[in-house]
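4 protein chains.
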Amino acid sequence: MNPTAPEPDPIGVAVVGAGYWGPNLVRNFQSSPAFRLRWLCDLDAARARRVLGGYSTVQVSAELDEVLADSQVDAVAIATPAGTHLPVALAALRAGKHVLVEKPLAATYAEGLELVAEADRRGLTLMCDHTYCYTPAVLRIREFLRSGDLGELHFLDSVRINLGLVQRDIDVVWDLAPHDLSILDFVLPPGVRPVAVAAQGADGIGAGRACVAYLTLRLNTGAIAHVHVNWLSPVKVRTTIVGGSKRTLVWDDLNPSQRLAVYDRGVDVATQDELGDEQRRDVLISYRSGDMVAPALAEREALRTMVDEYARAITTKTPALTDGRSGLRVLAILQAATRSLAEGGTMIDIDEGHTA
Amino acid sequence: MNPTAPEPDPIGVAVVGAGYWGPNLVRNFQSSPAFRLRWLCDLDAARARRVLGGYSTVQVSAELDEVLADSQVDAVAIATPAGTHLPVALAALRAGKHVLVEKPLAATYAEGLELVAEADRRGLTLMCDHTYCYTPAVLRIREFLRSGDLGELHFLDSVRINLGLVQRDIDVVWDLAPHDLSILDFVLPPGVRPVAVAAQGADGIGAGRACVAYLTLRLNTGAIAHVHVNWLSPVKVRTTIVGGSKRTLVWDDLNPSQRLAVYDRGVDVATQDELGDEQRRDVLISYRSGDMVAPALAEREALRTMVDEYARAITTKTPALTDGRSGLRVLAILQAATRSLAEGGTMIDIDEGHTA
Amino acid sequence: MNPTAPEPDPIGVAVVGAGYWGPNLVRNFQSSPAFRLRWLCDLDAARARRVLGGYSTVQVSAELDEVLADSQVDAVAIATPAGTHLPVALAALRAGKHVLVEKPLAATYAEGLELVAEADRRGLTLMCDHTYCYTPAVLRIREFLRSGDLGELHFLDSVRINLGLVQRDIDVVWDLAPHDLSILDFVLPPGVRPVAVAAQGADGIGAGRACVAYLTLRLNTGAIAHVHVNWLSPVKVRTTIVGGSKRTLVWDDLNPSQRLAVYDRGVDVATQDELGDEQRRDVLISYRSGDMVAPALAEREALRTMVDEYARAITTKTPALTDGRSGLRVLAILQAATRSLAEGGTMIDIDEGHTA
Amino acid sequence: MNPTAPEPDPIGVAVVGAGYWGPNLVRNFQSSPAFRLRWLCDLDAARARRVLGGYSTVQVSAELDEVLADSQVDAVAIATPAGTHLPVALAALRAGKHVLVEKPLAATYAEGLELVAEADRRGLTLMCDHTYCYTPAVLRIREFLRSGDLGELHFLDSVRINLGLVQRDIDVVWDLAPHDLSILDFVLPPGVRPVAVAAQGADGIGAGRACVAYLTLRLNTGAIAHVHVNWLSPVKVRTTIVGGSKRTLVWDDLNPSQRLAVYDRGVDVATQDELGDEQRRDVLISYRSGDMVAPALAEREALRTMVDEYARAITTKTPALTDGRSGLRVLAILQAATRSLAEGGTMIDIDEGHTA
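Chains as they are written, first to last, in the working numbering: chain R, 5 to 360; chain F, 5 to 360; chain P, 5 to 360; chain C, 5 to 360.
Pulled out of the complex, with its shape left as it was, chain R reads as follows (with noise of 0.2 Å):
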């Protein structure tokens, strides 16, 4: 860092949303120097107070409008139900203001794709808060998958299971899922995705909605994801095992002392050409019984880290590592996956399944 540079003007910043998540941007945003927190907005001023306790000097307000015409807002945090993201959202790009958006980025494809193209439009920065992306595990997760350290990926397999809020308004695929495939979505190296989805749900308790899912990718590698979402499950489970031809790794996000494990272990398979006739038939297959490491990693709050990404983005002016459009591939799956989930679990290509 040069430390003659002047120091630039912090970014103002609004938080909209004082519900569960919002307290967390508000804290984040405090805490990071590249931002000066100016109000925090909610439908209930009451509750937007509440959460900003008896000794702050953030401004509060119930009305978006007073909160957008305030030039010293340079960028909004959205923390609101998905079902309100798109005009919440487009209101604030209309006041030119760079907009992030809580998981997932609206709630349809189609209101998403009017958001990216409204900020692309605008020249102003959009981005999604993926939260985990920004945990420094998943950070060198996808560092292992892109520098070729665990190989080519055969098998990745997410459980995110838990005594979870049975929401009212979405099922728990667009509850949780949208964690796990952010996170797909973000380690895969370029050139690999996912092309299609299927889908199974239960609703055990007569909620309404799906409680327990089961969801499967296929990559257009021939490779395969796994994600099991479970509001129902009195154990809380977070998993991942990333399978590559190389080494598999586990990430164990309960595990705070060793939250990533990687194991050089695994089936090796030779190819045809390395073998003569006679081994052909009998050798196909070794196995590795190597060491397992567990890389030191980091404790940093992911959402402190994203906060510092949105603040990166809005400054250099390029997109941010989750930007609006990986808000919409996201949103691509979810859709294709809920028309799975209705049609009982055929697999749906996910350029197609959201234009049903």
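Just so you know, not all the hints are guaranteed correct.
Some chain R residues well away from chain P (every beta-carbon gap over 12 Å; in silico) [what the hints assert, rightly or not]:
{"hint": "1", "residue": "291"}
{"hint": "2", "residue": "297"}
{"hint": "3", "residue": "353"}
With a straight-line cut-off of 27 Å between C-alpha atoms, the simulated DSS-like cross-links for lysine-lysine are [what the hints assert, rightly or not]:
{"hint": "4", "chain 1": "F", "residue 1": "321", "chain 2": "R", "residue 2": "250"}
{"hint": "5", "chain 1": "F", "residue 1": "240", "chain 2": "C", "residue 2": "240"}
{"hint": "6", "chain 1": "R", "residue 1": "240", "chain 2": "C", "residue 2": "250"}
{"hint": "7", "chain 1": "C", "residue 1": "321", "chain 2": "P", "residue 2": "240"}
{"hint": "8", "chain 1": "P", "residue 1": "240", "chain 2": "R", "residue 2": "240"}
Simulated from the structure, these hints should not be mistaken for laboratory data.
This one's a predicted model, so the numbers in the text were calculated from it and none came from an experiment.
Think of the CB as a built atom: it goes at the ideal place given N, C-alpha and C, for glycine as much as any other residue.
Given the coordinates of chain R, work out where chains F, P and C should sit on it, guided by the hints.
Just chains F, P and C now, with coordinates in the frame of chain R:
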């Protein structure tokens, strides 16, 4: 037990197959007073001799006929590759011997049916060695589900992954899923049964058959069951979650100090009738956050309990807990799963899946 | 709560010390309606300002006198190095303020005694922030021991090891063992108390003070307590086993999904009277192998409960659960342990250990 | 191996004692081609017969003399209570047989010395079955410590607790600590050795002997070792931490998928010479936060490796890795620990502890 009743003569038994599983049968038949082990039979007599070791009085033969001709042999236990189960078991039944067969019962549903019919016709015991059903944990899960202590079954999720031997002749579904499917068959209360299955798989390593697979089963009650089997995972997981309306149970077979955990935690949804109009909109869902109980389980080798059950079935001329019919039900699911795999994951009706 | 009773005025409070622990006190006093945080005081005012952040209305001062002169300050909370507890707390008491002190209460038993006497003389609340005592787990352990549900205490084994900050002024015993000793003091039933302590330590790395230490305590009942504290362990362990005559309890503070486990397992020894002559020789010992219960615990931040207890003690003019005297009892053990350490592990009488 | 060398005749061996441990010796001698098991000898011949089962060609005897008179018996393995080791082993040595003795080598140091002297005099192999030393994990720990990969040893902490059988004749120190002490003896590099021990214990249940005990050992290098043995813990823990100046190693014997973990984490203290005056005050200590490596370990039964080592020692006429002298060193510590226990925890010099 009546101390004055004369001890019945032990049942003469021969083990056929001295490969991976045979030695376990040899050891358990030897330790059961209900049996007298007469022969270990294997095409490779030297292998059979090695299994018995240098201190054994048990006879070795490479000839099945020789063994079946021995009138002191009342029963056989077959631990040969699945493809040979039909001829070996048929020969044994035709020689008037009771038959225990390694899982899966046979290589196809049709072959399994032939064995069941032959045993019925001759009034002989036909039993399938679904070993896991005889673990103290699974026996207890069965009680929990049948007694109503878990309430109605909502979901069952079973994960069985490991760095496993890639089989030459069968895929991971036929290799590992028989365990999960036989357990499912064993623990479901009367009247509850799977009716359809969808399967997705992948062969990342180019082994020529699925090395990773996911099975989703629909039950006649609307409940869902899911099985993840995987030969490529460097970490071993054997965990089953059984979610009920009253309680949810987690079986972790790799945690000897706490194999079963029963959680009095869950989500309750009030039925419409219990609620007034206002409430109906708002308070449908409540959460229970009660204690967890890990019941004390006896430590007993499952295979020994299985062997005792074989003796009981033979002696009392009643079906074994895992009789030929249970083996047949598992084959019906496996065959439907194979068809689903070939069709890219379509949900296949189990009753029709095996007729293809 | 009586809804018509007027809400009492909040207690004006100042936090002294903006180092490691102060920020946690700041946060919890701010979130408690029973308090109004007036000041954060630190010799380094810039550090205090950084802790409060750029959005706070709380005042900063580098002058303790300024803070103590504020009549709106009813109470202080001291989070400065142990060596400064005496002068800071004395000044506060003499200014008529209630005092909460970070553990340990003071740098020596004599200093702690001075504080207790001063608070008594002035009728002010003196409380020691033994935070762990206010965790849901420890509150529950206390209930278990006091209600008799565990039976008589046989042993208590506490391990608190981690890669910890090697302190400049104190050894690992004074840094970490206050946690274990204050918990021990807190959970023991009335009439049961430690009477002697032996300590062994090592300074492998040449830090000039013990970095690894073991404390063994004799209780007046014959029971034993043992504490392992260690700054050099790359793995973090915080596990306490409380062995009773009826049940045994394991507290694993690093397992959020199962912090407490109560085992109905153990060894029973028949008393001589219950046995005939023959039996006396042979069947003295039997084993129970019952269930384990992991009780549901509320998830509440211990420091918030501690802050509420401070308010309760001030308002009701009754001793806090962890009052100055409990801090004094912990100091007596620490001082005896230090003497034992110096003498190579001799067992030191606690009542006399601090008089040296 | 030289394929043309004639296979040496197997060593004729007899196992004496068919109680808890004898059956394991029987099984492992039978599976080793280096041995030919001739006899299982027990005062209770029926028990010996039950151990061998109904299919064995091994001879049973209730008479030690009969076994020792058999010229085909070259070696014996003694798994009788410790109090009988002296007469049984002496008789065997005097009959010219090599001797393997269950841990502890003998009931007292003096008795152990007598055995060592007798074996020396006759040029026979005397080996102590310190089984844990032959686990792949301990063999690897030994390598780590001797190669210098861990750096200098700072501390070793060993926990071995479980709901154990309260022994009739010995306390928990003599029952369990031989494991930890023999491992310590085995892994320490040449020149490093324990010089003194202090022991504290408790008999909560009134069993008449210590059921919980803590041993602290001083090493000649200033390092510390600590052992916690406990019969009353409902949870089983078998964890050893070996802290070195370069790396620290954790051995969790109950975690088969990750028994050893080697941490490149620790605290470094700069030596005075490396530092300038200013620094000397401030930057003495730094922290390393590197990766953890869990080395791949072979899965091999320790007892089988021990049996092979017995054969090697006999055949090559060289001391076994755990020869009589290692058993003697363990006895010296045990005896000093017993004296410390009786004296309330005084630190006892190991060289003098056994002379009392």
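Cross-check of the supplied hints:
For residue 291/R, the shortest C-beta to C-beta distance to chain P comes to about 29 Å, beyond the 12 Å cut-off, and the non-interface label holds. With a closest Cβ-Cβ approach of about 14 Å to chain P, residue 297/R is found to remain outside the 12 Å limit, as its non-interface label requires. Listed as outside the interface, residue 353/R is consistent with that label: its C-beta sits roughly 39 Å from the nearest C-beta of chain P, beyond the 12 Å cut-off. In summary, the hint linking residue 321/F to residue 250/R is not supported, as the alpha carbons are separated by about 54 Å, beyond the 27 Å threshold.
Pair hint residue 240/F plus residue 240/C holds up; C-alpha atoms about 21 Å apart against a cutoff of 27 Å. A distance of roughly 36 Å separates the Cα atoms of residue 240/R and residue 250/C; the hinted pair therefore is violated under the 27 Å criterion. Between residue 321/C and residue 240/P, the direct Cα distance comes to roughly 46 Å. Violation of the 27 Å bound is thereby established for this hinted pair. Annotation: proposed proximity of residue 240/P to residue 240/R holds, straight-line Cα distance about 21 Å (limit 27 Å).
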